[in-house]
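Here's the letter readout for the chains.
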Amino acid sequence: MSVKEKYNRIARFYEYLKTGDSRRWKQAQSDFFKTLKGNVLYVGMGPGPELENFPPGLNITAIDLSFNMLEKGKSRAEAYSGNLNRLVMDVQNLGFQAKQFDSIVAVCVFCTVVNPVAGFKELRRVLKPGGQLFLFEHVLSKNPLYGIPLRMMSLLTTRLSGTHLDRNTVANVEKAGWKVLEDNNIYLDIVKAIRCEANVPSD
Amino acid sequence: MLVLMLVGGLIGMVLQFIITMILMPFFGAFEVMIPLSLIGMPAGMMGAMCQPVFGVTYFDVLIIGELYGLLIAYLVYRSNLSLTGTPS
Chain A
1 MSVKEKYNRI ARFYEYLKTG DSRRWKQAQS DFFKTLKGNV LYVGMGPGPE
51 LENFPPGLNI TAIDLSFNML EKGKSRAEAY SGNLNRLVMD VQNLGFQAKQ
101 FDSIVAVCVF CTVVNPVAGF KELRRVLKPG GQLFLFEHVL SKNPLYGIPL
151 RMMSLLTTRL SGTHLDRNTV ANVEKAGWKV LEDNNIYLDI VKAIRCEANV
201 PSD
Chain B
204 MLVLMLVGGL IGMVLQFIIT MILMPFFGAF EVMIPLSLIG MPAGMMGAMC
254 QPVFGVTYFD VLIIGELYGL LIAYLVYRSN LSLTGTPS
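Top to bottom, those sequences are chains A and B. Numbering (the working numbering) for the first sequence: 1 to 203. Numbering (the working numbering) for the second sequence: 204 to 291.
These are computed hints drawn from the structure, not numbers from a lab. For glycine and all other residues, C-beta sits at the position ideal for the given N, C-alpha and C. Hints are supplied without guarantee of correctness; some may be wrong.
Have a look at the derived ranges for each label pair, beta carbon to beta carbon [claimed, not checked]:
hint, chain 1, residue 1, chain 2, residue 2, range
1, B, Asp263, A, Ser30, 14 to 22 Å
2, B, Val210, A, Asn199, 29 to 37 Å
3, A, Arg9, B, Ala276, 29 to 37 Å
4, A, Asp31, B, Tyr277, 22 to 30 Å
5, B, Leu209, A, Ser75, 46 to 54 Å
6, A, Ser30, B, Ile267, 41 to 49 Å
7, B, Met204, A, Thr35, 53 to 61 Å
8, A, Pro55, B, Phe262, 52 to 60 Å
9, B, Leu213, A, Arg23, 31 to 39 Å
10, A, Leu87, B, Asp263, 56 to 64 Å
11, B, Ala276, A, Gly147, 14 to 22 Å
12, B, Phe257, A, Asn199, 29 to 37 Å
13, B, Ile267, A, Asn59, 53 to 61 Å
14, B, Leu270, A, Lys121, 27 to 35 Å
Coverage of chain B stretches by chain A, computed from C-beta distances (three or more under 8 Å per stretch; other residues unrestricted) [unchecked claim]:
hint, stretch
15, 237-249
16, 257-265
Whenever a hint applies, use it, and build me the whole structure from the sequences.
Below, the structure written as structure tokens:
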């Protein structure tokens with residue numbers, strides 16, 4: 001079963017499972033996202049629980065691989081005090097022109113993308129020069145006490161939802177040609193707020 | 204004893220998974236998953252080993268498991284404090 005099919009299936013109870021995370025990370029996300037500006041690409045919107053942590057007045061293009069997940073976010077998208085368009089799209093193959101967005105946001109997305117480096121390269125392509133990428137992601141801990149359980153749980157979560165708990169997202173983003181400007185721990189060294197800019201403008 | 208240890212560890216893991224799914228919506232996925240994964244399997248293994256060998260009662264196993272769980276939760280809390288600078 002593909003990641004798209006898995007998320008179409010779990011869309012019904014996804015938001016319930018994420019309730020705790022949304023509540024716990026609200027303040028950290030509000031602080032992290034306050035410098036978002038202009039045309040924003042919101043990758044992996046899903047039901048959009050983090051929309052309430054975005055500053056008002058942005059021009060947002062929200063994409064998700066799963067139509068069902070985007071549908072769950074309909075009321076939040078309509079309630080947002082700015083422009084928001086939702087599209088079904090894969091981050092590894094974006095249907096946008098180059099250098100179109102001022103900021104790009106992704107929250108817990110690159111644990112699920114099949115080829116994260118390809119996804120990050122696509123994001124670099126569509127970002128305007130001087131723009132920034134805001135990642136709020138969970139990664140594999142460097143502490144083996146936390147890392148080993150994450151690897152074990154990852155065997156299960158990969159099968160259930162395609163979610164990898166053992167990704168090194170900071171290394172992946174650098175491999176794709178991004179420069180990490182900020183790498184803050186939100187919970188242990190697992191949940192992170194990572195701010196990046198393109199190292200070399202994409203061709 | 205090895206069999207008991209394996210069975211205890213397995214029961215601990217299953218319980219850990221069930222409790223994680225129940226508590227996740229209230230406290231957050233990783234905030235629940237990390238401490239429980241360090242508590243479930245080891246506590247199950249220790250409990251299953253100690254019970255027949257040292258003749259401890261089920262009540263003793265329960266108390267020791269709870270104390271071990273509290274210790275792990277405290278250590279994870281301290282670890283988070285040092286990594287993030289904020290309480291979990």
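We went through each hint and held it up to the structure:
1. For B:Asp263 and A:Ser30, the Cβ-Cβ distance of about 47 Å falls outside the hinted range of 14 to 22 Å, so the restraint is violated.
2. Separated by about 52 Å at the C-beta atoms, B:Val210 and A:Asn199 break the suggested range of 29 to 37 Å.
3. In this structure, A:Arg9 and B:Ala276 meet the distance hint of 29 to 37 Å, their C-beta atoms being roughly 33 Å apart.
4. Taking 22 to 30 Å as the suggested C-beta distance range, the pair A:Asp31 and B:Tyr277 conforms, at roughly 27 Å.
5. Checked against the hint of 46 to 54 Å, the C-beta distance between B:Leu209 and A:Ser75 comes to roughly 49 Å, which is consistent with it.
6. Against the hinted window of 41 to 49 Å, the Cβ-Cβ separation of A:Ser30 and B:Ile267 comes to about 42 Å, which satisfies the hint.
7. In this structure the hint that B:Met204 and A:Thr35 lie 53 to 61 Å apart at CB holds, the actual value being about 58 Å.
8. A C-beta distance of roughly 55 Å is found between A:Pro55 and B:Phe262, which places it inside the suggested range of 52 to 60 Å.
9. Separation of B:Leu213 from A:Arg23 is about 32 Å and conforms to the stated range, judged on CB atoms against 31 to 39 Å.
10. At about 59 Å, the beta-carbon gap between A:Leu87 and B:Asp263 stays in the expected band of 56 to 64 Å.
11. Range check, B:Ala276 to A:Gly147: about 19 Å between beta-carbon atoms, so the 14 to 22 Å window is met.
12. The hint said 29 to 37 Å for the Cβ distance between B:Phe257 and A:Asn199, and at roughly 60 Å that hint is violated.
13. The hint said 53 to 61 Å for the Cβ distance between B:Ile267 and A:Asn59, and at roughly 58 Å that hint holds.
14. Checked against the given bound of 27 to 35 Å, the beta carbons of B:Leu270 and A:Lys121, roughly 50 Å apart, lie outside it.
15. Residues of the stretch 237-249 of chain B with a Cβ under 8 Å from some Cβ of chain A number 3, which satisfies the need for three, so the listed coverage holds.
16. Using a Cβ-Cβ cut-off of 8 Å, 0 residues of the stretch 257-265 of chain B lie near chain A, which falls short of the minimum of three, so the contact claim is violated.
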